[in-house]
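**Q** Take a look at the letters that make up each chain.
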Amino acid sequence: MKHLQEYRDGDIADSIARSIHESTTRSWSIMEVCGGQTHSIMRYGIDQLIPKSIQLIHGPGCPVCVTPIETIDRAHAIAQQPKVILCTYGDMLRVPGSRGSLSGLKTQGCDVRTIYSPLQACQIARDNPNRSVVLFAIGFETTAPANAMAIKIAKTEKLKNFSVLVSHVLVPPAIEMIASDPTCRVDAFLAAGHVCAVTGYEAYHRLAETYRIPIVVTGFEPVDLLEGIRLAVLQLEKGQAFVENAYQRTVAAEGNPTAQGVLKEVFQVTDREWRGIGTILSSGYTLSEAFRDFDAEVRFPLEWKPVECTNCRAGDVLRGLLKPNQCAEFGKGCTPDSPLGAPMVSHEGACAAYYQFSQLSPKMNASR
Amino acid sequence: MGLADFGGVVAEVCLEYLPDIHVGDYAIVHVGFAISRIDEDVALRTLAHFRELEILKADVAEQIPSVDGH
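So the sequences go chain by chain: B and Z. The first sequence begins at -15 in the working numbering and counts up by one. The second sequence begins at 111 in the working numbering and counts up by one.
Keep in mind that a hint or two might mislead.
According to the in silico footprint, chain B covers these stretches of chain Z (three or more CB under 8 Å from chain B) [stated by the list, open to error]:
1. 118 to 128
2. 131 to 142
3. 151 to 165
If you're looking for bench data, these hints aren't it; they were derived computationally from the structure. Computed from a predicted model, the values in this text were never measured in an experiment. Built from N, CA and C at the ideal position, the CB exists for glycine as well.
Using the sequences provided together with the hints, build the complete structure.
**A** Okay, here's the thing in structure tokens:
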């Protein structure tokens, strides 16, 4: 497909990799924030193409992975209420909560549905006026505009049987939390291209200046990732730290103003807990006052005490402190078929990426 | 709403966030929503820049035999 195949071209990838080798004189640690980028790195063996002195640290940008266990348990409890239809994205179904996963509820007769687009949840609400349809709305800034539109439509159409369990998180506060940590090992960030396609990257200038750290807006194909790494290395080698856009065909500095307008209308910024990481100030969305009537947390006031799996070290993986295959449970007590933690479930989770793709390149495990 | 061709698979996509999009444009689609139009001029310039890197690589490769004296 056009605008895709070109960025998987082996010759171009080799040229950029060669240029990175020529430019690199020291050891650098670069964090790709987005879990989609982690999967591309493992899938295409990008970490094998770059110099050994460049370490790629995998960041917390997996929305399913950072959704708090309290919220998963809440979704679980809501789905068990009479007449409820719970709608969410595929990965979310298999993530373990205190009482099991949402997919487990299906076998108990609960109506849990996988959707591809949040507009499907609106249609399910229209088609089932006697049922209560709950959209479990997770994701980063990339997904937020879609969920916001579904909520806006529900309000316009007065879909009284529609509500939303919001667990949206934001990238820049997570970058700031990592960069401001005195023990931070990250020398540069690859910012998630599709998040920036929505938000733009104006908010990143302050972070690059304050923490003297290069931030390169990067795409998801192998050539895009290598170009992002190349530009980060060039800045690091010259002692520079600014925001650079390696994904210009898709990302404009100002992002998508139409989407930003709807986000501002439907949501407001709030503190959010990130599973395995803790609470990050102003790092997520909740419904704005005008849309509070659609809040599933208000419609279903349920209480319980969540219990985390003690053997799972997802928090260390999400903070870039541990490689997935350094966890004692990796591939043994924890596999995609029987996951202990969310990063082994999601198609954006680092553990799943290592499990799925490390077999493709046997040397990879030995070298870590 | 509009129809998007994903390399042969055609699906309905919400175009609300790209008011200026036209038939034939390429876009990034996420959970059923087009969120960004791909700028073809910029894409071509980026690819031309990568080709330059390739030419540089080819130049270096040609020089190697003469350096080695083979």
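**Q** Flag every earlier hint the structure violates by its number, smallest first.
**A** none
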